[in-house]
Each structure stands twice: as structure tokens, then as C-alpha cells.
Amino acid sequence: MTRVPGVLVFVVSTALAAAQPAPRQGSVAPAPQSAFADSVLDARTAAVASQLRCPVCQGLSIQDSPSELSQQMRAVVKDQLRAGKTPDEVKAYFISKYGEWILLEPKPHGFNILVYAMPVALVVAGLAVIVVAVRKWTRPPSPTP
Amino acid sequence: MNWKRAGIAAACVVPVILVFGYGLTKDPKEIPSPLPGHEASPFALEVFAPGQPPLNRAPGDTVRLADLKGQVVVLNFWASWCLSCRDEHQILSETARSYAGKPVHFLGVLYDDEADNGTKWIAQMGGQSYPSVMDPGALTAINYGLYGVPETYFLDTNGRIAYKATGPVNERLIRHFVDSLMAAGAK
Amino acid sequence: MLARDAILVSMAVVLFGIVAVPVAVRKGRRDWMQLAYAAVYTNFLLVSVAALAMVYGLVTHDFSISYVAQVGSRETPLFYTVISLWGALEGSILFWAWVLSMYAAAVVWINSRRAGNLVPYASATLLFISFFFAILLVGPANPFGSVFPVPQDGPGPNPLLQNHILMAVHPPLLYLGYVGMSVPFAFAVGAMLSGEVEGDDWTKITRRWTLSAWALLSAAIIAGMWWSYDVLGWGGYWAWDPVENASFIPWLTATAFLHSVMVQERRAMLRLWNLNLIVGTFLLTILGTFLTRSGIVSSVHSFTTGTIGYYFLGFIAIVMVASLVLVAGNSERLRSTGRFDSIASRETVFLLNNLFLTAFMFTVLTGTLFPLVEEAVNGAKVSVGEPFFNRMSLPIVVTLLFLMGVGPALPWKAASSSEIKSKLLPPAGGAVVMLVVALVAGARNAYALLAFAFAGYAAFANLREYWIGMRARHTAHGEGWGTALVRLIGGNRHRYGGYTAHLGIILVAFGVAASSTFRSEHEATIKPGETISLAGQTLRLKEMWGREEPQRSVVGATLEVMNGTTVGGTMEPRMNFYPMSQSPVPTPAVRSGFFGDLYVNLQAFRQDGSNATIRVIYEPLVPWIWTGGGVVVLGALIAIFPVGVGGARRREA
Numbered sequence: 001m002t003r004v005p006g007v008l009v010f011v012v013s014t015a016l017a018a019a020q021p022a023p024r025q026g027s028v029a030p031a032p033q034s035a036f037a038d039s040v041l042d043a044r045t046a047a048v049a050s051q052l053r054c055p056v057c058q059g060l061s062i063q064d065s066p067s068e069l070s071q072q073m074r075a076v077v078k079d080q081l082r083a084g085k086t087p088d089e090v091k092a093y094f095i096s097k098y099g100e101w102i103l104l105e106p107k108p109h110g111f112n113i114l115v116y117a118m119p120v121a122l123v124v125a126g127l128a129v130i131v132v133a134v135r136k137w138t139r140p141p142s143p144t145p
Numbered sequence: 001m002n003w004k005r006a007g008i009a010a011a012c013v014v015p016v017i018l019v020f021g022y023g024l025t026k027d028p029k030e031i032p033s034p035l036p037g038h039e040a041s042p043f044a045l046e047v048f049a050p051g052q053p054p055l056n057r058a059p060g061d062t063v064r065l066a067d068l069k070g071q072v073v074v075l076n077f078w079a080s081w082c083l084s085c086r087d088e089h090q091i092l093s094e095t096a097r098s099y100a101g102k103p104v105h106f107l108g109v110l111y112d113d114e115a116d117n118g119t120k121w122i123a124q125m126g127g128q129s130y131p132s133v134m135d136p137g138a139l140t141a142i143n144y145g146l147y148g149v150p151e152t153y154f155l156d157t158n159g160r161i162a163y164k165a166t167g168p169v170n171e172r173l174i175r176h177f178v179d180s181l182m183a184a185g186a187k
Numbered sequence: 001m002l003a004r005d006a007i008l009v010s011m012a013v014v015l016f017g018i019v020a021v022p023v024a025v026r027k028g029r030r031d032w033m034q035l036a037y038a039a040v041y042t043n044f045l046l047v048s049v050a051a052l053a054m055v056y057g058l059v060t061h062d063f064s065i066s067y068v069a070q071v072g073s074r075e076t077p078l079f080y081t082v083i084s085l086w087g088a089l090e091g092s093i094l095f096w097a098w099v100l101s102m103y104a105a106a107v108v109w110i111n112s113r114r115a116g117n118l119v120p121y122a123s124a125t126l127l128f129i130s131f132f133f134a135i136l137l138v139g140p141a142n143p144f145g146s147v148f149p150v151p152q153d154g155p156g157p158n159p160l161l162q163n164h165i166l167m168a169v170h171p172p173l174l175y176l177g178y179v180g181m182s183v184p185f186a187f188a189v190g191a192m193l194s195g196e197v198e199g200d201d202w203t204k205i206t207r208r209w210t211l212s213a214w215a216l217l218s219a220a221i222i223a224g225m226w227w228s229y230d231v232l233g234w235g236g237y238w239a240w241d242p243v244e245n246a247s248f249i250p251w252l253t254a255t256a257f258l259h260s261v262m263v264q265e266r267r268a269m270l271r272l273w274n275l276n277l278i279v280g281t282f283l284l285t286i287l288g289t290f291l292t293r294s295g296i297v298s299s300v301h302s303f304t305t306g307t308i309g310y311y312f313l314g315f316i317a318i319v320m321v322a323s324l325v326l327v328a329g330n331s332e333r334l335r336s337t338g339r340f341d342s343i344a345s346r347e348t349v350f351l352l353n354n355l356f357l358t359a360f361m362f363t364v365l366t367g368t369l370f371p372l373v374e375e376a377v378n379g380a381k382v383s384v385g386e387p388f389f390n391r392m393s394l395p396i397v398v399t400l401l402f403l404m405g406v407g408p409a410l411p412w413k414a415a416s417s418s419e420i421k422s423k424l425l426p427p428a429g430g431a432v433v434m435l436v437v438a439l440v441a442g443a444r445n446a447y448a449l450l451a452f453a454f455a456g457y458a459a460f461a462n463l464r465e466y467w468i469g470m471r472a473r474h475t476a477h478g479e480g481w482g483t484a485l486v487r488l489i490g491g492n493r494h495r496y497g498g499y500t501a502h503l504g505i506i507l508v509a510f511g512v513a514a515s516s517t518f519r520s521e522h523e524a525t526i527k528p529g530e531t532i533s534l535a536g537q538t539l540r541l542k543e544m545w546g547r548e549e550p551q552r553s554v555v556g557a558t559l560e561v562m563n564g565t566t567v568g569g570t571m572e573p574r575m576n577f578y579p580m581s582q583s584p585v586p587t588p589a590v591r592s593g594f595f596g597d598l599y600v601n602l603q604a605f606r607q608d609g610s611n612a613t614i615r616v617i618y619e620p621l622v623p624w625i626w627t628g629g630g631v632v633v634l635g636a637l638i639a640i641f642p643v644g645v646g647g648a649r650r651r652e653a
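Chains as they are written, first to last, in the numbering used here: chain L, 1 to 145; chain P, 1 to 187; chain H, 1 to 653.
By construction, these hints were calculated from the structure, which means they are not laboratory data. Everything numeric in this text was worked out from a predicted model, so none of it was measured. Where hints are given, some of them may not hold.
Now the in silico label distances, taken between C-beta atoms and shown as ranges [as the list claims (entries may be wrong)]:
#1 H:610 - P:90: 26 to 32 angstroms
#2 P:66 - H:537: 37 to 43 angstroms
#3 P:158 - H:380: 48 to 54 angstroms
#4 P:171 - L:88: 39 to 45 angstroms
#5 H:82 - P:25: 47 to 53 angstroms
#6 H:537 - P:30: 54 to 60 angstroms
#7 P:66 - L:88: 45 to 51 angstroms
#8 P:126 - L:86: 31 to 37 angstroms
#9 H:102 - P:25: 45 to 51 angstroms
#10 P:124 - H:380: 38 to 44 angstroms
Virtual Cβ for every residue (Gly too), placed ideally from N, Cα, C.
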């Protein structure tokens, strides 16, 4: 039982007519060859892309998101890295266009330090409390006169 | 029942409620753009929808931002699959026509769509007075910090971004910015 | 409209019940308390009428009802029509009210014969919460509005919610777990109001409810992860989205409570802390609901809002003030009088466990709320996403894994140094084995290695406890291993249920650690006949196809799994196009094996079927996450229900 391409064309055009937007066709870029330099570039792109937020998604990174804009932004990241920019420069570029919101992790300066420091402070304080409490609770009871 | 401690505990609730109450008045999806005040990124994009005389350009022509220096530029990002774009289309088209002959340039940039779809959509909407261009790879969209459509950018005569509008624009807003930027440019 | 009237009447009934309790207490009249209990049952009946009427309306496509007009559609299959009851805001509030009324009725049914004021006050608390949800149902979240003129058809539920069978599982489990946390809270308030909070009876009654709600919430979280994995097409199962965090945060405090209550039972200590944990867990569930329903943070679950956020805010204010006033006011009475025998004891480990679980909760809560606080203070928008949460939670998770191994190994009260050696050293073998395995598999990241090592340690330690117990019974009573196991568990339900739950968590930890560390992916655009390979697996694109279904159009790719030149099976990732939706909903194809999943998503395709962009991801050990979830629930079930062949049920943990 084979399904002929004709059916596919019909179904897809129906889908296109029915769905409000035209479904996006992926950019048909060939997969990178297994040359070492390319896979290193891919890894570097993935590392930077994981730290940038997809502007049209709910909290996903542009590395994880399948949306068209994310794929295009990944391409921009890759091109900039290939051209010799450092990851910080690439991030700075996106920040200049979208604001600091585009970073998935707040830059640890100024008020933002709180979100990093407070949990750590809680652990430290909690450990201190436990140490004091356990010491108190394991002290041998003082003899009653 | 220790009422003093109870009172202190109750008081601690107040700042929490205040912060949440404040948060309810804000829209988390609205991202303020850092671009207004900065120089607009240059672009060189190919026309696919010519528009109508006297504002038209030939299909295949390249519109460069550099060529538009000295004019107020209204840059509108849109797509055929965007529902809200329908709300603003007629307003943009007619307002653009009303500025014919003045140093104002309206330009549509198609985002995440095919030229065919765009042309069909314009025909369905009854035509468009100003041209629209393609933005391959969404490079220009990213350069302008786009995160949805429609978005409209108002550039002053020196090529700086004056204002970014997210969502459909109305006539009053367009005229407000175009008129004030024209006046500023004339000085 | 019958259903809306039912809710209105229920509000009157509930109010009556709330008032009846303090009156009954003041006058010392048990018959008034029976009236209050009757109010609880009546409320359950009335809300059930409303909920069932809604289901009926959905199934019969009664588009004159506003909620049906919103989420109903004649083309949607019956299964998804029924479960669209919880698919949008108004329906989900109705569902919440229904589950809550069910819990209240169950609490009364089981406990109504008990003397004292604990149960009446607890019932009144549950009625109070029900009253709030009834207000929502007649106000901002009214699903029973009238639509005129009556439309012929509706848009159907959100396409994301009609693609997978787990949509029938995850929300009900979540509600049962989430709303279930109201019960321990109600008992806590009841204990404080009735003066029984100094005793231990109320925690004994509450324990089973807390365990059940915890088990349901655990299952719900795992089911949610599984749904996310199978539906969203990006191969992930957790994105630290606010709605995910909202379900996870109360789970953490509930887990902390389940541990520290054991210290309370053995040592009569930590009572105030435990009270805070119970109250905190409930407050966090309400906070979580507020966050996801008010639109205050942007999330995949955000519903568009209107005024419901303000209602929730008012409720939060009242409940927070009331709870904190009660707890703080009672705090002096709950001073610890007990002692610890030694630092090297299980008690100390439990303290540390509580600290790190609380720190984890605090970290996730702070991260989720920080964008809001930043905007309130600085007016700036920031994002707090996956990189932040991963960075901050990894050290905590690794520590908790370590504690999960040390805790079961150490005895209560005190351990001599020889005991410490004999109990803590052997599991180190498990740690070494897993460390070597991880290194050989290629892991180099420090946290990954620690996670594997400590998970190995904890697995060995927990399994060893079973082994020691079974061996003791075998030696002492001559029991066969099977009988020894059953009797062992039956005699110490809480302890062995706990160890089982630990093993479940360890499986989840292995799954998460492996799929994060050893994941690989590859994306390529291929034509029919061409292949794409990853991790030793080769897939050949056979053809592209399409079909029409009543509610959607589906485009799919058939890929053959190649073993050399023979076809070993097929995988069919798809894209589903719904008329009302802007972007297609993917259905990835997942092939599960013991060691991992092959995950294939159709990213894009050419209209004429001449090529397709396929993304293949190899996800090691992901099935262990779902299995681990099942083991966790099994552990909870062991602790909740008697297991045993004869033998007295000794309450030892």
C-alpha cells in the first residue's frame, strides 16, 4: 500500500489552505560534513545558543527551539563565531538588539547578584543553624542540683 | 497565643502582596527594546511587492537604508500568516499614500514567509501603496530585535531609531511620529 | 442554568458549614458538627452535579455553554472532548473545585467519628477553600456563561492538548496531588484552632493524606515530563518553565516534611518546623496556581487573564496572614524538648536533607519570581532560565543523592565508629563502579561524575538495607527469600516504602544524568532513499505521506530503521496541522530500549515530498526516568497501605 506523492500534494495544499499561516519549510541547508573544524564550530554554536533565549517561545533557548526564528538566530551565531567573534561578543550583539532579557541567565552584576547569592546564603545560614542546634541537642544534660 | 509574633508574621506578608499586585499590572510578554536612540542597522533588501504609484519600486530593485538618509523611514515587519497585521494594513497603506511627495518612506519587510504568500495576501487585502521587501534569513529582523509581528519602527532623518511599536499601529500613532520626525529633520 | 445554580447553592451550603463549626465548638454541640459534615457532603454532591453537567455539555456539543463554545468542537475525538474539561482556565477551576470537594467529603467520611474539634475545624478550613473556588466559578472563571446566538461549532481544544493520551493522565494526577495538599494544611489549621497542635495525633492522621498527595504529585510531575518529551518535539523533558517549577516547588517541601516528620515521631522534635513545612506546602500550591493563572509570569501554561489574578491575590493574602498568624502565635507551644544522641546519626542526616530540600525549593522559587522582582525594583526585564536553574541546582542535587545513600545506612540515635565504617564503606563500592562506568562512557564533567558516583552509592546503600533485612529473617526464622522480603516490608512499611522510593529517585537521577551527559543529536535534510545516522543507528527515509483527519491534517515521514541492509522497523514522526493554530504540532517518533531512546522529529519538509529535514536525537537512559517514577509511586503505596502476611503492623520507620 503506497501513498502517492499526488496525495501528498493534495493533502498539503489542503493543510495550507486550512491553516492560517503557510507552514514553514526548513531551510534546506545540507548537514555539516564530519570535518573536525565544522563539528567544533557546531559545538561552540550550541554552547552560545544555549544561553540565548528564543524570543518567540516560552523560555526555550534558541538551541532547543524548533521555531524558525531560533533557527535563523542560530545561523547568525554560527556565522559570527566563524568570522572570529568571541562568545561574549556574540552575546553582546544580541543584547544590543533585544536587551538583557535575551540572556537565559541574568548577568551577575548589581541587583542580579541577589538571585545567585540568596540561595547560597540560605545554605550557609542553614548549615550554621544545624551545627548550633545539633551541638545544643547533643550536649549532655547538666546535672540537676 | 503569642500575639506579638503573630503580628510580625502578618506584617511580613505585606511586601509579598505588594510585589505580586505590581506584577499583575505588568505584561510579561512585552519586551522593551534597547534600540530607540541608536543608529539603525543598515540593510539592502530586494523588493518583491512593488506597491502602487507614486510610491512604487520595481520588483527586484534593492532598497538600501543608506539611500533613505534624509527621509523619515517607517519600517513595518509583517507576514501573511499574522492575524493582527490585517488590522493595520489598510491604515498603513492609506497613511503612506497621504505622505506621497514628502520626505517619508514606508517600507514593508516580510518576515518568515514566502514571497508568493505575501503577494497573494496583499492582493486579497486590496493592494498596498508602498513596496515590500524580502528579508532572507531574517537577518534584518534580528538586527532590529524582532520578536513578533507586526512590529513597526520609526527612523528619523539621520537614520536613528526613534520608536518601536509592537502590535498593530493606528493612524494617530503613525502621524504623531512621522510628523514630529519630519519637523525635527527639517531643522 | 442548572449547573450554575448548583454552584450558587453550594456557596450557601459551604458558608453554613463554615459558620456551623465554631458555633458547634462554642456550644459544645455535636449535632451541629454533624450538620457541618452534612454541608461537606452536600457541597460534594452539588459540585459534582456542576462538573458532570459540564462533561455532558462537552460531549453533546452544547455550544450555548460558554466553556463548550470555547474548547469544544464537533471534529474532536470523544476522548479528547471529555478531557477538555481541564483544558482551559474555567474548566480547570471547576475541576479543582470538584477534586477539593471530593477530598473534603473523604476526610469527613473517614474521620467523622473522631472525638474532639480537630476534624470539624479541618473540615471548616476545607470548606473555606472551597468557598474561594466557588467565588471564582461564579465570577471571573465562570464556565457556564450563556452564549447567544448559539454557534454551530467551536474551535476545539488547544492542539497541543489533543495529541497524546497523557493529557488524560497528567492533569488529573496533578490536581489530585496539588489539591491533596490542602488536606494536611486543613488538619494543621484544625490542630492549631482546636489546641491539639502540641500532640502528635494530628500528624499521625495527616501522614497518610500527605503521603498520598505526595505520591500523586510525584506521578503527576513525571507524567508531565513524559508528556512534554513525547509531544513538544525538542527531545527535552524539563525546561524550568514557571508552570513546571510551580508543581515542583511544593513537592520539595512535601518531601522534606515526609522525612522530618520521622524525627518528630521518634524524638518529639522539629514540631514547629514540620508545621511550617505543611503550611508552606499548601501556600506554595496556591502560589503556584496564582503564578500560572494570573499571567504574572509568562509560561507555556499561561492563560489570558482578566481579573482572576486579583481574586487569587486576595485569597493568598488572607490565607497567608491567617496561617502565619496561627503558626507564629502557636510557636511558643511547640518548642522542642528532645535531644539528639549523637551527631553521627540518621537524625542529623534528616536535618541536612531538610536543609538542602528547602534550599532547592528556595532556589527554584527565587529564580521563578526574580524577573517579577527585578521589574518591580528596577523596571528592567531579565530572563531566568535553564542555565541558571541547572547551575544552581546541580550542587544541591548531588548533595541530596549523597544524603540518600548515607541516611539509610546510618542508624537512628547514634552510631559507633565501627558501625559507621561497616555501614558507610561498602556502598562506596557502588560509587566506584558507577564512576568507572561513567568515565568509560566518556563523561568528564565534574557534576556528572559526582552524580553518577553518588547515585551508585545510594543505590547500593538502599539495596543493601533490603539485603541485610532479608538475610536476617532468613537466618533467624528460616524464611525463604520471597517470604522474607514480604514480611520484612510488612513489618516496616514506612521504612521499606521509603527505600523503594529512594530507588525510584535514583533511577530518575540516572536517567537525567545520562540523558544530559551523553545525549547526541544530528539534523539533516534528506531525500527519500537517503539515510541519516546517529550513535550507530541508521534511518532511511522511505517516503513522505499525508492524510486528512476530521480535526486536523497530518504530514508524516516513514523512516526505516536499518540493521545493515535489512529493515528492522519503522519510525513515523509527524507534523499535525490544526485549522485554528498558527504553527503545526509535532509528534516525534520515539523508539525506546533499555539503554535509551532513539528520538526522531520531523522539523520541516518540502511540499512536493522531495525532501524532509529530520532531527535525530539519541537519549540515553530516558526510559529509566519514567520507570523510576513508577518505582517512587510503588514506594509510596508500600508506605501507605498494609503489606503483610499476617504479622502485626508495627509503626516503625
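ask   = Range hint 48 to 54 angstroms: satisfied by the CB atoms of residue 158 of chain P and residue 380 of chain H?
value = 27 angstroms, violated
ask   = Is the hinted range of 47 to 53 angstroms satisfied by the C-beta distance from residue 82 of chain H to residue 25 of chain P?
value = 38 angstroms, violated
task = May I ask you to test the hint 31 to 37 angstroms on the CB atoms belonging to residue 126 of chain P and residue 86 of chain L?
result = At 50 angstroms between Cβs, range violated.
key: Range hint compliance [Cβ, residue 102 of chain H to residue 25 of chain P, 45 to 51 angstroms]   = With a Cβ separation near 36 angstroms, residue 102 of chain H and residue 25 of chain P fall outside 45 to 51 angstroms, so the hint is violated.
request  = Check the following: the C-beta atoms of residue 610 of chain H and residue 90 of chain P are separated by a distance inside 26 to 32 angstroms.
outcome  = 39 angstroms, violated
message = Assuming the hint says 45 to 51 angstroms, is it satisfied by the Cβ distance from residue 66 of chain P to residue 88 of chain L or not?
response = 29 angstroms, violated
inquiry  = Is 39 to 45 angstroms respected by the C-beta to C-beta distance linking residue 171 of chain P and residue 88 of chain L?
reply    = 43 angstroms, holds
query = Does the hinted range 37 to 43 angstroms hold for residue 66 of chain P and residue 537 of chain H at CB?
reply = 51 angstroms, violated
ask   = How does the Cβ-Cβ distance of residue 124 of chain P and residue 380 of chain H compare with 38 to 44 angstroms: does it lie in that range?
value = Distance hint for residue 124 of chain P, residue 380 of chain H holds at roughly 41 angstroms.
task = With respect to the beta-carbon atoms only, verify the hint that residue 537 of chain H and residue 30 of chain P lie 54 to 60 angstroms apart.
result = Taking Cβ atoms as reference, residue 537 of chain H and residue 30 of chain P lie about 44 angstroms apart, which means the hint is violated.
Checked against the numbered hints above, the structure violates hints 1, 2, 3, 5, 6, 7, 8, 9; every other hint is satisfied.
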